[in-house]
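Engineer: Listed below, chain by chain, are the residues.
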Amino acid sequence: MAQIFNKSANNIAKISMVAVAVLAGTAFYAYTQIARSSYLTGRYMERQQPVQFSHKHHVGDDGIDCRYCHQTVETTASAGMPSTQTCMNCHSQLWADSPYLEPVRASFRDNKPIEWRRVHDLPEYTYFNHSIHVAKGVGCSTCHGQIDNMPSVYQENTLQMEWCLECHRAPEKFIRPKSEVYNMQWEPGSIDDTKRRSLKDDYKIRSKEMMTSCSTCHR
Amino acid sequence: MYRNRSSILARIGLLATVIAGTMAAGCGVRFDMQDQPRYKAYKQNEFFADKLSTRAYPEGTVARGRLNDNKAFYTGKIDNPNPNAVAQTTTDAAGNTVVTSFPDAIDEFPLPVTKELVERGRERYNIYCGVCHGPGGNGDGMIVRRGFPRPPTYHEDRLRKAPVGHFFDVITNGWGRMSSYAYQVQPADRWAIVAYIRALQATQDPDAILNSTAKADQSGTAKTPAAAATTHGGGK
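Residue numbers (my numbering), protein chains in the order written: chain V, 1 to 219; chain C, 1 to 236.
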């Protein structure tokens with residue numbers, strides 16, 4: 001019976017084995033990059049909002065504290081969004097005729113909430129809670145970036161599981177004194193490693209095992 | 001033979017395509033786990049006309065623990081106000097009417113004034129009030145510099161003499177062009193803010209400091225925020 005394969009087929013077989021490995025590796029690498037890309041995580045994407053609200057003006061220039069508008073950030077899972085009444089505290093008097101504020105006045109008149117579009121949105125199979133992070137010295141800017149410089153909010157981090165875990169494995173690298181949580185100008189370099197570790201003890205942050213247990217975030 | 005084999009291949013190919021297609025349709029494009037049929041805060045809810053999934057209490061109901069029957073604590077008003085008492089007013093230089101007496105406001109804090117309370121008050125004051133009233137209570141906050149009507153300074157005689165219940169009432173119900181802060185500041189925090197305002201006033205009122213330091217008791221619980229602030233070195 002005649003040979004089906006020529007002797008050179010041995011080489012082709014070897015090369016194709018290598019090629020498959022390389023291709024699979026490349027494909028996997030491409031997959032991880034695509035999965036982390038801002039296209040899929042929504043990172044850096046700005047949303048068109050019903051009102052051109054600017055954190056740069058209100059926080060950066062006017063120095064309003066986050067909690068003036070996001071009242072529940074210290075007490076509940078959700079940071080809370082300002083009611084229309086909160087805007088009207090100031091805008092009933094200030095810029096009361098500005099066309100940019102017409103949607104706010106309309107919302108106040110008709111008693112209909114302003115429909116802000118979400119910027120950060122975790123999948124619903126994960127559990128996240130603001131109050132614990134704020135109470136244990138994780139600053140807003142660690143997760144949300146320089147909000148005080150953002151004319152329109154975008155997502156600074158991927159919010160993927162690996163991002164949460166990077167901190168949950170070693171929170172002492174990221175925490176700060178509780179008094180600085182709302183300080184957007186705080187520099188991570190302003191305290192040293194010993195101070196960080198003592199903060200971790202002071203705030204009674206639990207062990208790495210508990211912080212990275214699946215049921216902490218998937219419950 | 002030849003034809004037979006190719007038809008088997010074709011069938012396997014078809015089967016594989018169907019399986020792959022079902023798998024892709026089954027897992028690639030479904031978001032049931034991502035968007036579950038339950039409501040988180042701020043999720044849009046088509047069931048209610050206002051589309052809010054966070055519901056307000058129905059009118060006329062009281063949540064457990066929210067009876068708020070301690071009138072002094074929750075309103076800053078005395079229990080049986082004299083129905084004939086009228087608030088006195090004067091007219092200031094600009095022609096505005098200014099209220100100078102507050103007959104139905106309580107004048108004693110309905111909770112112990114401690115150092116912690118004044119500290120808490122400082123923090124809350126700087127979040128909710130300082131933007132307009134200024135860090136020192138002079139009415140020169142950032143928002144005022146941007147054009148908001150200027151509030152009176154806390155260091156005028158009228159407000160120094162005003163009972164604590166009046167300050168509580170201003171936060172709860174608003175005053176003139178200032179809106180109510182009841183939604184943003186809970187009752188206990190309102191008293192903390194009032195205690196801090198008293199401490200602020202004391203820092204610019206030497207008499208008050210001298211008097212209240214003399215009166216401060218030993219237990220560390222002072223009768224007035226000025227004393228709490230001075231005996232513990234808090235205040236400013």
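There could be a bad hint or two in this list.
Some, not all, of what chain C presents toward chain V, calculated at C-beta under 7 Å [as the list claims (entries may be wrong)]:
hint : residue
1    : Met33
2    : Gln34
3    : Pro37
4    : Lys43
5    : Gln88
6    : Thr89
7    : Ile127
8    : Val131
9    : Pro135
10   : Asn138
11   : Gly139
12   : Met142
13   : Ile143
14   : Phe148
EDC-like, lysine to aspartate or glutamate: derived pairs with alpha carbons at most 16 Å apart [as the list claims (entries may be wrong)]:
hint : chain 1 : residue 1 : chain 2 : residue 2
15   : V       : Lys208    : V       : Glu172
16   : V       : Lys173    : V       : Asp192
17   : V       : Lys136    : V       : Asp121
18   : V       : Lys136    : V       : Glu180
19   : V       : Lys112    : C       : Asp104
20   : C       : Lys43     : V       : Glu124
21   : C       : Lys77     : C       : Glu108
22   : C       : Lys77     : C       : Asp104
23   : V       : Lys200    : V       : Glu162
24   : C       : Lys43     : V       : Glu115
25   : V       : Lys204    : V       : Glu187
26   : C       : Lys51     : V       : Asp65
27   : V       : Lys136    : V       : Asp202
28   : C       : Lys51     : V       : Glu115
29   : V       : Lys112    : V       : Asp148
30   : C       : Lys77     : C       : Glu123
31   : V       : Lys178    : C       : Glu119
32   : V       : Lys173    : V       : Asp148
33   : C       : Lys40     : V       : Glu187
34   : V       : Lys178    : V       : Glu162
35   : V       : Lys178    : V       : Asp65
36   : V       : Lys112    : C       : Asp205
37   : C       : Lys161    : C       : Glu119
38   : C       : Lys43     : V       : Glu187
39   : C       : Lys40     : V       : Asp65
40   : V       : Lys136    : V       : Glu172
Calculated directly from the structure, the hints in this document are not laboratory data. Here the structure is a predicted model, which is why all the values come from computation and not from measurement. Built from N, CA and C at the ideal position, the CB exists for glycine as well.
Engineer: Would the hint linking Lys208 (chain V) and Glu172 (chain V) be met if the CA-CA limit is 16 Å?
Structural biologist: 11 Å, holds
Engineer: With the threshold set at 16 Å, check whether the alpha-carbon distance from Lys112 (chain V) to Asp148 (chain V) stays at or below it.
Structural biologist: With Cα atoms ~28 Å apart, Lys112 (chain V) and Asp148 (chain V) exceed 16 Å; violated.
Engineer: For a C-alpha distance cap of 16 Å, please report whether Lys51 (chain C) and Asp65 (chain V) respect it.
Structural biologist: Outside the cut-off at roughly 29 Å; violated.
Engineer: Between Lys40 (chain C) and Asp65 (chain V), does the CA-CA distance stay at or below 16 Å?
Structural biologist: 25 Å, violated
Engineer: Holds or violated: Lys204 (chain V) with Glu187 (chain V), Cα cutoff 16 Å?
Structural biologist: 23 Å, violated
Engineer: Does Asp192 (chain V) sit within 16 Å of Lys173 (chain V), going by the straight-line distance between their CA atoms?
Structural biologist: 10 Å, holds
Engineer: So, Pro135 (chain C) near chain V? Judge it on the closest CB pair being under 7 Å.
Structural biologist: Not OK, violated: Pro135 (chain C) not within 7 Å of chain V, min 10 Å.
Engineer: Between the alpha carbons of Lys77 (chain C) and Glu123 (chain C), is the straight-line distance 16 Å or under?
Structural biologist: It is violated: about 25 Å lies between the C-alpha atoms, which goes past 16 Å.
Engineer: Between the alpha carbons of Lys200 (chain V) and Glu162 (chain V), is the straight-line distance 16 Å or under?
Structural biologist: Not satisfied, since the Cα-Cα distance of roughly 21 Å exceeds 16 Å.
Engineer: Checking hints one by one. Is Thr89 (chain C) an interface residue toward chain V, by the C-beta closer than 7 Å rule?
Structural biologist: This hint is violated: Thr89 (chain C) lies away from chain V, its Cβ roughly 23 Å from the closest one there, beyond 7 Å.
Engineer: Answer holds if the nearest beta-carbon of chain V is closer than 7 Å to that of Met142 (chain C); otherwise answer violated.
Structural biologist: Hint on Met142 (chain C): holds, closest Cβ of chain V at ~5 Å, below 7 Å.
Engineer: Do the alpha carbons of Lys43 (chain C) and Glu187 (chain V) lie within 16 Å of each other, as the hint requires?
Structural biologist: 35 Å, violated
Violated hints, in rising order: 3, 4, 5, 6, 9, 10, 11, 17, 19, 23, 25, 26, 29, 30, 32, 33, 34, 36, 37, 38, 39; the structure is consistent with all others.
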